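J.: Here are the chains, one letter per residue:
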Amino acid sequence: MFGNLVSMRLLAPAVVLGAVALFLFLASAFVRRRETGRWLFPGAALIGLAAALVTLLETVRLQYLPDGYNCLLGGCTAFLGMLAYDPLAVFFQALVMLAAVAAVVLTVGSPAVPQARRGEYFGLILAMTVGMCLLVSANHLLMLYVALEAVSLCSYLLTGFDAKARSAEAGLKYALYGGVASAVMLFGLSWWYGLFGSLNLQSLHFCMLGSPALSPGESGAAVVALLFILAGFGFKIAAVPFHQWCPDAYEGAPTPIAALLSVAPKLSGFAVLLRFAFNLLFDPRDPETLAYAPAQLEWALWAIAALSALSMTIGNLAAIPQNNLKRLLAYSSIAHAGYLLMGVVGGSQGGIAAVSLYGAVYLVMNLGAFAVVAAVERATGSEDLLAFHGLAKRSPLLAVCMAVFLLALTGLPPTAGFVGKVYLFASLLKGGGSLPVILAVVGIVNTVISLYFYARVLRAMFLLPPEPGLPERIAPDGAGLLAAALAVLTLALGVFFGPLAMLAEWSAGFVR
Amino acid sequence: MEHPTTSTLLTWIIFTPSIGLLLIGLLLLTRPLTQLTQATLDHLSRAIGVFFSAVPLVLGGLLWASFDGRATGMQLVHHTVWMRAFNIEYFVGVDGLSVGLVLLTVLVSFVAALASLPWGIARDDHHHFSRRAVPGYMAMLLLLETGMLGVFCALDFFLFYVFWEVMLLPMYFLIGIWGGPRREYAAIKFFLYTLVGSVLMLLAMIALYFASDPGALGQAAFTLADGSTGKHTFNLLNLAELGRQGAFGAAGPILGVAFPRIVFVALFIAFAIKIPMVPFHTWLPDAHVEAPTPVSVILAGILLKMGIYGILRVNYPILPQATLWAREAIAVFGAVNMVYAAFVCLAQKDLKKLIAYSSVSHMGFCLLGMAALTPQGINGAVLQMINHGIISPALFLIAGVIYDRAHHREIERFGGLARRMPEYTALVGLSFMASLGLPGLNGFISEALTFLGAFPVFTVLTIVSAVSVVITAAYYLWTIQRMFLGPLNEKYASLSDLNWRERLTLYPLGALMLLLGVLPMPVISLMDPTLRALIEPLARSAGL
Chain A
0 MFGNLVSMRL
10 LAPAVVLGAV
20 ALFLFLASAF
30 VRRRETGRWL
40 FPGAALIGLA
50 AALVTLLETV
60 RLQYLPDGYN
70 CLLGGCTAFL
80 GMLAYDPLAV
90 FFQALVMLAA
100 VAAVVLTVGS
110 PAVPQARRGE
120 YFGLILAMTV
130 GMCLLVSANH
140 LLMLYVALEA
150 VSLCSYLLTG
160 FDAKARSAEA
170 GLKYALYGGV
180 ASAVMLFGLS
190 WWYGLFGSLN
200 LQSLHFCMLG
210 SPALSPGESG
220 AAVVALLFIL
230 AGFGFKIAAV
240 PFHQWCPDAY
250 EGAPTPIAAL
260 LSVAPKLSGF
270 AVLLRFAFNL
280 LFDPRDPETL
290 AYAPAQLEWA
300 LWAIAALSAL
310 SMTIGNLAAI
320 PQNNLKRLLA
330 YSSIAHAGYL
340 LMGVVGGSQG
350 GIAAVSLYGA
360 VYLVMNLGAF
370 AVVAAVERAT
380 GSEDLLAFHG
390 LAKRSPLLAV
400 CMAVFLLALT
410 GLPPTAGFVG
420 KVYLFASLLK
430 GGGSLPVILA
440 VVGIVNTVIS
450 LYFYARVLRA
460 MFLLPPEPGL
470 PERIAPDGAG
480 LLAAALAVLT
490 LALGVFFGPL
500 AMLAEWSAGF
510 VR
Chain B
0 MEHPTTSTLL
10 TWIIFTPSIG
20 LLLIGLLLLT
30 RPLTQLTQAT
40 LDHLSRAIGV
50 FFSAVPLVLG
60 GLLWASFDGR
70 ATGMQLVHHT
80 VWMRAFNIEY
90 FVGVDGLSVG
100 LVLLTVLVSF
110 VAALASLPWG
120 IARDDHHHFS
130 RRAVPGYMAM
140 LLLLETGMLG
150 VFCALDFFLF
160 YVFWEVMLLP
170 MYFLIGIWGG
180 PRREYAAIKF
190 FLYTLVGSVL
200 MLLAMIALYF
210 ASDPGALGQA
220 AFTLADGSTG
230 KHTFNLLNLA
240 ELGRQGAFGA
250 AGPILGVAFP
260 RIVFVALFIA
270 FAIKIPMVPF
280 HTWLPDAHVE
290 APTPVSVILA
300 GILLKMGIYG
310 ILRVNYPILP
320 QATLWAREAI
330 AVFGAVNMVY
340 AAFVCLAQKD
350 LKKLIAYSSV
360 SHMGFCLLGM
370 AALTPQGING
380 AVLQMINHGI
390 ISPALFLIAG
400 VIYDRAHHRE
410 IERFGGLARR
420 MPEYTALVGL
430 SFMASLGLPG
440 LNGFISEALT
450 FLGAFPVFTV
460 LTIVSAVSVV
470 ITAAYYLWTI
480 QRMFLGPLNE
490 KYASLSDLNW
500 RERLTLYPLG
510 ALMLLLGVLP
520 MPVISLMDPT
530 LRALIEPLAR
540 SAGL
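If you read the protein sequences in the order shown, they are chains A and B.
If you count the first sequence from 1, position 138 lands on 137 in numbering that gives the first Met the number 0, and the numbers rise without skipping.
If you count the second sequence from 1, position 273 lands on 272 in numbering that gives the first Met the number 0, and the numbers rise without skipping.
Mixed in with the good hints, there may be bad ones.
A short, non-exhaustive set of chain B residues, derived as facing chain A with CB atoms under 7 Å [as the list claims (entries may be wrong)]:
{"#": "1", "residue": "Met82"}
{"#": "2", "residue": "Ile176"}
{"#": "3", "residue": "Leu202"}
Pairwise CB distance ranges (calculated) [unchecked claim]:
{"#": "4", "chain 1": "B", "residue 1": "His42", "chain 2": "A", "residue 2": "Ala49", "range": "44 to 52 Å"}
{"#": "5", "chain 1": "A", "residue 1": "Pro464", "chain 2": "B", "residue 2": "Gly24", "range": "17 to 25 Å"}
{"#": "6", "chain 1": "B", "residue 1": "Gly217", "chain 2": "A", "residue 2": "Val59", "range": "39 to 47 Å"}
{"#": "7", "chain 1": "A", "residue 1": "Leu490", "chain 2": "B", "residue 2": "Asp123", "range": "37 to 45 Å"}
{"#": "8", "chain 1": "B", "residue 1": "Lys230", "chain 2": "A", "residue 2": "Leu490", "range": "26 to 34 Å"}
{"#": "9", "chain 1": "B", "residue 1": "Trp11", "chain 2": "A", "residue 2": "Ala474", "range": "33 to 41 Å"}
{"#": "10", "chain 1": "A", "residue 1": "Leu490", "chain 2": "B", "residue 2": "Arg412", "range": "43 to 51 Å"}
{"#": "11", "chain 1": "B", "residue 1": "Ala220", "chain 2": "A", "residue 2": "Ile437", "range": "27 to 35 Å"}
{"#": "12", "chain 1": "A", "residue 1": "Arg472", "chain 2": "B", "residue 2": "His42", "range": "50 to 58 Å"}
{"#": "13", "chain 1": "A", "residue 1": "Ile437", "chain 2": "B", "residue 2": "Tyr506", "range": "50 to 58 Å"}
{"#": "14", "chain 1": "B", "residue 1": "Tyr184", "chain 2": "A", "residue 2": "Ala220", "range": "51 to 59 Å"}
{"#": "15", "chain 1": "B", "residue 1": "Gln218", "chain 2": "A", "residue 2": "Pro464", "range": "54 to 62 Å"}
{"#": "16", "chain 1": "B", "residue 1": "Gly24", "chain 2": "A", "residue 2": "Ala49", "range": "31 to 39 Å"}
Quick partial rundown of chain A residues pointing at chain B, CB under 10 Å, derived from the structure [claimed, not checked]:
{"#": "17", "residue": "Thr409"}
{"#": "18", "residue": "Val421"}
{"#": "19", "residue": "Ala439"}
{"#": "20", "residue": "Gly442"}
{"#": "21", "residue": "Phe461"}
{"#": "22", "residue": "Val487"}
No lab work stands behind these hints, which were simulated from the structure alone.
Quantities reported herein were computed from a predicted structural model and do not represent experimental measurements.
Every residue gets a Cβ at the ideal spot worked out from N, C-alpha and C, and that includes glycine.
Can you build the whole structure from these sequences, using the hints too?
T.: Here it is, written out as structure tokens:
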């Protein structure tokens, strides 16, 4: 456990991001010339993110220096146990920063964000990234709550950033849902504290390992507390039945923000859920098999499996009739929360690696799909399915990229999405037992269902003639180039996934 | 078992079409620079499509020359590690089971590429599939060929699965973009049906991986191509060796069902959808009717073989106990396929649909023959795959010929065509006779072998199945009578006989029908030792 001064070094990426965010807030008050702001704001945001990524890698390197002690193998906590500094945190911090980079790039050409307010806008993105970095390394339930709130507040503001009325409506709806969810979670945390007397995950972990069986009353209270806490996580990762905010928020939010919301907060929610589950629900001393720290909490696994099955099934079924691409991708992201939860139910180190790997892959393919939507939206002013009719003729490059992302989201080889699905299913089938097998069968049924609505988009792009009145050709822009790069990455990771698999397995090493 | 790399020939065969695909992609990407006209681009794509499916054909000749038919093991192996995670290898090779199918694939793909040329199609027919979005079409055709060849050569289950899935998307687009009026429905139906099978296969594959235990072979770990070791394996030959030792019988049951049985059923359904086996066959008539002619040619000629091939490559050697448990059911399904689909053929009005159902009927022979576990039966089943792979492309080309001219395929609306199209009629007659099993043509040999092999084991079923032969003769002869004999329908008095594109595609197939009808031994001797080795342990445990 490191004290505050030493810990500052580990916090460097968040400090850098915070400083640049503050600079952006201030600069937006003073920079009046539009031309300056046009390059200054995104430039500063990108430089800040790049610097944060570099310092993050630097902290990784630092860990190997002082007297041979290696945090990344042993895992260590900073700020007197408030934050964990371990492979999982580093891996997911890098992911959320990359997602923020993509959001900044997508914004540059987006008509949705008013030019005059872009300073605050980029500042909020960076502030949200700080929140997510803290969230993925939160090792204390209070820290977890504070970080979660920080992320949520920025998300509400960013969702409502578009000048259109439906954007404000979406932001408000999101804020209302989020307020209720976080209040419920806080309530659950307070019960948990009352039951076990600590909020520090490690202390709780040892407390549960050492504790004798809970009395019936205590065990009932633990059920209630855990359900409330899971509700908070469920809201953040947009799992059914806590998902209702998601389609409205994505539809109303500016497209770059929808892209960011669909990956970054979801993945940071998953990181902290993994940390929570593997400290409190599973016995991390035996990472190869499913063993439960307190036997009374065995049902929690069933609860998570139910969340997973519900998210997949309802997300995919609800996506079928959607005609707005952002709504369709929102439901698809709900379904993907279900897929990712399969890895949590897998409950082994392989399960964590699967969540990390699928998380990274999901980041690439989902951001790519949103990038195509952003490019089409910019050219046609619409994100409706009609705007995608005949896209193969109007912009073959965008159409082919979108096809790659859709296939990856379905989970077909040779794309990265397939590799991710293999890891998830493998983590479920490895241990055996009926619950994982049943969940895996639900998963494959959902894969087939999901093909149906992804293929609707394929059909619109390749099989149907262009709608009259749409532009003849769509010239490639920043979003298009980003989509092309991500499509190449999706295919490359589908064929050469070795390095990513190694990183994912490394990130699973936080289980001690 | 060590399988060092002996040749990269198969890799060249598999990926040559992909080179063509990349070239077409390059042409499209550089078009803003090169400023090619649409017509030039179309011509170039056609040339690339034909050339890059001709090269594998030539390489296929080399493959035939270098394949030793007397050996039973894998030959022309290319073996390296692909991904250390999950111990996945790039492992391709052929044995007697797959070599014939690889040769068939390169031949049929080339025929399909030729049949995709607009040569002989009226100049004003801009909606003909061969004139629409040509670069995309040729790219998809080449991608499909890589997928098919990969499936037949892959010896690593993961690699097999990747190639298996790679075929889905090109087929979806080939039917969905260049197909007939109900193409969208047919394309998505094909996609969804096949995906159901694939995901079942995925789960079964992962389950087999985790159940693979090197201890059953007396080893500490599985050795990969580069000498590194792994705890589990996707290597199909290692899995087969484990299966022979009965290692999967010891794996824990899944959902209360014995491990080998549930995995067998999952894999079998995956493959049965592709065969297609009744009751999973309903995607096939739709796909065939809507698909353009060359795609039907590939679908019937090669894709349908993958189901049977998969069962023989995966289910039979890896799960022998479950195979013995399921063989009677397989035989019954085979008989149902033959008889039911034959009766359905009698009721068809559309020539292409009739041929599609006749394919379902003929794939039943394979199921019956392989379930018998006798040398004649299994040889008959695999030979039937090859023969059907020669006959059915010819049949679909024939349907394409009449559709290009009359723009419909309704059997009843023709009549007396023999007077106007004697050459066409002769080839139709030849193909129909080969398909219905006339002695002297290739279909007869495999059907006779199948019945010969199945009769001692499944006597009643074989007798029932023989009914289908009679019905097959009935629907083919009746079709000839309605389309080609009788008074000429004056509406079609102006139809022209075959053009050179059609001759070039039909005559080689017709020649093969005759040749393999009188001289089947070159093909049988390629595969006989492998197939005997495949069923020998099974037949021994079954007490045959």
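J.: A closest beta-carbon separation below 7 Å is what the hint needs, so does Ile176(B) meet it against chain A?
T.: Check passed: Cβ of Ile176(B) comes within 6 Å of chain A, closer than 7 Å.
J.: So, Phe461(A) near chain B? Judge it on the closest CB pair being under 10 Å.
T.: holds (6 Å)
J.: Range hint 44 to 52 Å: satisfied by the CB atoms of His42(B) and Ala49(A)?
T.: For His42(B) and Ala49(A) the Cβ distance comes to about 48 Å; the hint holds.
J.: Take a look at whether the Cβ-Cβ distance between Leu490(A) and Asp123(B) falls inside 37 to 45 Å.
T.: For Leu490(A) and Asp123(B) the Cβ distance comes to about 40 Å; the hint holds.
J.: Would you settle whether the hint for Val487(A) is holds or violated, based on the nearest Cβ-Cβ distance to chain B being less than 10 Å?
T.: violated (12 Å)
J.: Range first: 27 to 35 Å. Now tell me if the beta carbons of Ala220(B) and Ile437(A) are that far apart.
T.: holds (31 Å)
J.: Quick one, is the Leu202(B) hint okay against chain A at 7 Å, beta carbons?
T.: Since the shortest Cβ distance to chain A is 6 Å, the answer is holds.
J.: Look at the Cβ atoms of Pro464(A) and Gly24(B) and judge whether their distance stays inside 17 to 25 Å.
T.: holds (23 Å)
J.: Against the range 43 to 51 Å, how does the distance between the Cβ atoms of Leu490(A) and Arg412(B) compare: consistent or not?
T.: Holds, at about 48 Å.
J.: CB of Gly217(B) to CB of Val59(A), is that within 39 to 47 Å?
T.: Because 43 Å falls inside the window, the suggested range holds.
J.: Looking only at beta-carbon atoms, does the pair Gln218(B), Pro464(A) fall within the given range of 54 to 62 Å?
T.: holds (60 Å)
J.: That 51 to 59 Å hint for Tyr184(B) and Ala220(A) (C-beta), does it hold up?
T.: holds (55 Å)
Violation of the numbered hints given earlier is confined to hints 12, 22; the remaining hints are satisfied by the structure.
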